[in-house]
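From first to last, the protein sequence lines stand for chains P and C. With the first letter of the first sequence counted as 1, position 265 gets the number 265 in the numbering used here; the numbers rise by one all the way through. With the first letter of the second sequence counted as 1, position 216 gets the number 216 in the numbering used here; the numbers rise by one all the way through.
In short, the hints are calculated from the structure, not lab data. Don't take every hint at face value.
[Said to hold, decoys possible] Listed below are several chain P residues computed to face chain C (Cβ distance under 8 Å; list not exhaustive): (1) GLY46; (2) ARG49; (3) GLY53; (4) ARG54; (5) PRO55; (6) LEU62; (7) GLY68; (8) ASP394; (9) LEU396; (10) GLN398.
C-beta: ideal position from N, C-alpha, C; glycine also.
Okay, here's what each chain looks like letter by letter:
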Amino acid sequence: MTTKTTPNQLIIDPVTRIEGHSKITITLGEQGEVTDARFHVTQFRGFERMCEGRPVHEMPSLMARICGICPVSHLVASAKAVDAIMATAPPPAGARLRRLMNLAQILQSHALSFFHLSSPDLLFGFDADPAKRHLYGLVQEFPQFAKDGIALRRYGQHMIELLGGKRIHPAWVVPGGVTSPLRAEVRDEILAGVPDAIERVRRALDWYKQAMSRWNEETEVWGNFPTAFLGLVSEDGTAEHYDGTLRAIGPAGTIIHDEIAPTDFANCVGEAVEPWSYLKSTYLAKLGYPDGIYRVGPLARLNVVDRMGTPRADEELAEMRSRLGRWPSSSFHFHYTRLIETLYCCERIEQILRDPGILSGRVRSQAGINRNEGVGVSEAPRGTLMHHYVVDDDGLVQRANLIIATGQNNLAMNRGVKQVAQQYVKSDKLTEGMLNRVEAVIRCYDPCLSCSTHAVGQMPFHIQLVGPSGTVLDELATP
Amino acid sequence: MNVCTLKIDGVEVVGTAGETILDVARSNNIEIPTLCHLDGLSDVASCRLCVVEVAPSGKLLPACAVAVEEGMEITANSDRLHRYRQQIIEMVFLERNHVCSVCVANNHCELQDKAAEFNLTHFDLCPVNPRLEVDATHERFAIDHNRCILCLRCVRVCSEVEGAFTWGVSGRGLDTRVVTDAGAPWGESDTCTSCGKCVQVCPTGALFEKGRSVAQEKPRRPFLPYLTDKAGVPA
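Here chain C stands alone, though its shape is the one from the complex:
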């Protein structure tokens, strides 16, 4: 086993080759916030909430996607990082239309939790307020793009766990959308197995079971034993 020693927030820790900074930090009880990461799925570093400073350059790198190296000196929590993370959460909110009070995932939303954790009391920037649609063509599920934060967990769980490859990504920048079957309405998808894994991993209320009212969409990840933490315990 290739072992390397490094420092995170001044604490000497040990990691093994292939582990990410996030893996090592969490196994040493050092908290690094994430949104797109989910144990059991590959990492895509799309949310950038887990950025850390790596000495000596101080360059910001996503902890979920950077492997540990011998002698690394990492700052995982600082005022600067707190400010950046707060701004990231703010921009995630402003890019789409998030209205917690009338959301199916109210009180069960990771974005909402992060906003509370980072004390996001107001927005300094202007909201984009895009006009986005709800695709409710599927018999059991619906996607509300207003609430999607493009974490791509749905894309990953669909390909990596279910093997259906229904979900994909289209467009770029502000026009980026998660899509089913390359843009066909979800209800017309030939590949979707209606397993519902995408709904269960969604961190917000973007993907939900039809018929849910406000605050009734609660993730049921224990039903997904494929998603495990490093100790093999269901996430």
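With the rest of the complex left out, here is chain P:
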């Protein structure tokens, strides 16, 4: 249902089961100043209800259907939640193979976010003509850059296909492990691609570092505010995307929560619902709502870890910290951290594949229903992903709760939109340049609405400027 708007009317636009629709409302005060800005997600999926009554062993593949961009992340978090219900752990090779696929997923998704979606803004400038500020413009003007992005994404996707049989929605990750072991020739094929992938990420990183000063203004006002950060950390303080425990730190690095086991996630994060968005807002329970605002994703992950744990990524992390400080706060740095993490993925993939145990034929544990509740936590490209299921004694799902990265970044995205609006909206008129910047600040978070592949380089945004009396003064929508 879509209701057309006229002045003094709000648009109600609950388009169901479609991906990536959002709306922004900017509210002005008496003096024409921006008093509030809200990022509304107007789509409703309802997956948590859909899976009630389903056998829990079906959950990983059912949950993977949430998203075509990061199905592996849901597969992994869901399978881990079912592992917990089965009270079992995958054999070492099974866990490593899951980890491998998760890294491939992060690699390909980061390539999509940085190269395909964000780099046109960075290379052409935020005020550039939208007619060329997209992937095809990139291919024409910066062909090597475009090739690198496409090749990296292809490498990650191909790896997922080699492991799981298909690029999107592989049913290979299952409760207890994975369905089939890794063959030596597949390992060798993936390994052969690592040097090329590293070279391509390095090229992008080198370019980004030398170009960073161009975006000083954007860095200052795009989601640049103190918040907490949350992410998984391994026992030795290095980056962790599959296992580990949760760590939350304050804006200056103060530990708020540490060594939180996935099962205790509820002690760490709370969930709030606002009537103006279908996207839940999560907050750090200890700080309350909305003071418990925090961010997840590459920036948060790099802020919470002591070091990455692979040589090249550690060098880059040290350099980043020397440039930006130990805990950079601007959401603009999601781009930088995303690239470092892509480099880490390549190195970690190589490390895992060099382990001789990776070819073990024992990749799946079998067990029945041994607990009535289970939580699975992993790092998805956009941030920490939590799946929480409650089942009956027969293994049928009674309740499911998903805490997804974009929800965890929701409060920060809203604040980022407000910050950008306060910087650029000076009258009762919206301009194209302002729209571009609001899009781009949201894009830093790479939100999965699932937005990222819509109309390459352009999200289906609808922005309203609302006066003090609630009158709609102006509105803009991307075509």
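Since the structure of chain P is provided, determine the placement of chain C on it from the hints.
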């Protein structure tokens, strides 16, 4: 032996008394699609996919349940029959909630195969979308009524081969369900021997072994030597 001659799709064939049109067609390499039929079990003609036209009336009769007669002229494949069969498959899909992508029997499902064979690319009718439950009370097996096509193979194999008579049918029309022990939860059944034959003969993912994930339920009928084709070879 009582032999009769007849024509199927213009081809002169020979059958013996007691053989069905389906038996004779298949022994002459004439394909007639089926869903509820399974060699080794009796036929109940519940799916109607095997309907054929019998001259001169052109009446539609289920090939699996009609015995051959001398001089019959049968059309087993025509545009009209193809259209009817396509509609039957469509209605089977729409009556329950079949979602292949997240089904345990994905890629091993006879209904899915038939949909592909008949090029069922979309639905013209509205789905019923009933709210149906999964009975997972049995220790090893579960039934998801969302995926049941009421072929009744489970009912037949349970009574005709295992002799347990656990499975039966309750309700009528859209409310028809296969049930265990006259409607008791499967896990409380006194008659079920947990042999698993019903699971192995299920053409879809309705009956499955617990713990199976998507696409992991593969029928293992060679383990059921009782089910044989006419030459005595395990089905």
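Report holds or violated for the interface hint on GLN398 (chain P), using the least CB-CB distance to chain C and a cut-off of 8 Å. For GLN398 (chain P), the interface hint is violated, since the closest Cβ of chain C sits about 12 Å away, which is over 8 Å.
Does PRO55 (chain P) hold up as a contact with chain C if the rule is Cβ-Cβ below 8 Å? holds, 6 Å
Was the hint right that GLY68 (chain P) lines chain C, CB cutoff 8 Å? violated, 12 Å
Does GLY53 (chain P) pass the interface check with chain C, least Cβ-Cβ distance below 8 Å? holds, 6 Å
Chain C contact restraint on ARG54 (chain P) - CB to CB distance below 8 Å: holds, 7 Å
Min Cβ distance, GLY46 (chain P) to chain C: is it shorter than 8 Å? violated, 14 Å
Holds or violated: is the Cβ of LEU396 (chain P) closer than 8 Å to a Cβ in chain C? holds, 5 Å
Holds or violated: the hint that ARG49 (chain P) contacts chain C, with Cβ atoms closer than 8 Å. violated, 12 Å
Hint validation: LEU62 (chain P) versus chain C, beta carbon distance must be below 8 Å. Holds or violated? holds, 5 Å
Hint check, ASP394 (chain P) versus chain C [nearest Cβ-Cβ separation less than 8 Å]: holds, 4 Å
In summary, the structure is inconsistent with hints 1, 2, 7, 10 from the numbered list given earlier, while agreeing with the others.
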